[in-house]
Amino acid sequence: MVASLVALRRPDYGYALLQRLTDHGFPVDANTLYPLLRRLEDQGLLTSEWNTEESRPRKFYRTSDEGESMLGRLLDDLAAVQTSITGLIQGVDR
Amino acid sequence: MNTLTDRYLAATLRSVPTQRRDEIATELRASIQDMIDDRTGGGQDDATAERDVLTELGNPDLLAARYADRRLQLIGPTYYLVWLRLLKLLLSFIPALVGTIVAVVEAAGGKGFGAVGTGLVTALEVAVQIAFWLTLVFALIERSQPTMDLPDWTVDQLPDVPAHRDISLADTIASVAMLVLTIGYLPFQHYRSWVDDAAGDNLPILDPALWSFWLPLLIAVLLASVVFEIVKYRIGRWNWTLFGVKAVLSLAFAVPVVWLLLTDRLLNPALGERLSWLAEGDNRNTLGAAIAVGVAAVLVWDLVDTALKTRRQTA
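Residue numbers (numbering that gives the first Met the number 0), protein chains in the order written: chain A, 0 to 93; chain B, 0 to 314.
No wet-lab data here; the hints were simulated from the structure.
Glycine residues also receive a C-beta, built at the ideal position from the N, C-alpha and C atoms.
Just to be clear, a hint being listed does not mean it is correct.
As the list claims (entries may be wrong) - Chain A stretches covered by chain B per the calculated footprint, using a threshold of three residues with CB under 8 Å from any CB of chain B:
#1 6–19
#2 27–34
#3 48–58
Let's have the full structure, built from the sequences with the hints guiding it.
Written as structure tokens, this is what we have:
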């Protein structure tokens, strides 16, 4: 979820996002990602628009302002976990 | 069009909320096409690629549930423990209570032994009903949006530490069942022994004259043994008092049986007239002696075994 929000700062459609995430070391199942995008959109964390210029209609998602602030909180939490783990590892080493 | 993709979409969309169906269909179809294109670009033929992609997407019902954010469990972790606790509580006494009441009412209506069967069937039905309705209510709660304010767990709910027991419930139940069957058999054989006399009437196996004293005594001893088994289970382990009571009860049953056998008073004399083999005095004596030795051997073995257990468990 965090990875999706980060990746979608640049608008993208479902399958392209899936590949981008996989390339960056976040293998997600298609049957998890597509419903997740829907839910994030329902929660207002993503905005979307249809692009009909290409060969087939595609829905492009983009992280919304609300998504951006949620992302900030989540990244802070992750950083806190990372700090705690690092501290614990160093404590054990000593 | 009835391609695999069409069928997959139809299966997925069947249970997705209607107002978003078309949009999800368009998007999902485009995504599936993207995935197929990616694979055919890698050299796969269309049919195999389509099959692989749909296999990767997995069970359409699961996908639909994820789209609709639906629960895939009957009762989730939030309510499972409360459900289990309530179920155990209700099943622990209600079926037995209702079953007993029904059996008593039936027996009062003059149904005799049939009343026990009716009571058991009723108890089973009540148990199934309780389990069904309770589960249904909890499944509905699980699916209703607002979370219920359930009482929090407190330390007061902790059960007592189970007493260390060397006597298992299974053993006790088996013993009581055996005793009850034996008690039941004594009157039962009087009416149904599957041996008929010359007139075609039923012939009891045990001498009917014994009903004046000995058989009631044996039944009383067996009933006392049932009580003893239950008390023994409550105490949980053997001690020398229990051993003493057990020895007295065993002797009170075995000694009269052996004595009646050896004095040729246990079996119905009329039985000898029907089964010619038994009519010969020698055969009857041999049979009596064999049974007497068997009973005595079981008695001695049982007492020695119990004494060993008692010594081990009081050590």
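Hints, verified against the model:
With 5 residues having a beta carbon nearer than 8 Å to a beta carbon of chain B, the segment 6–19 of chain A meets the requirement of three or more and the stated coverage holds. By the rule of at least three residues with a Cβ nearer than 8 Å to a Cβ of chain B, the coverage given for the segment 27–34 of chain A holds, with 6 such residues. Here's how the segment 48–58 of chain A fares: 4 of its residues keep a CB closer than 8 Å to some CB of chain B, so the rule of at least three is met and the hint holds.
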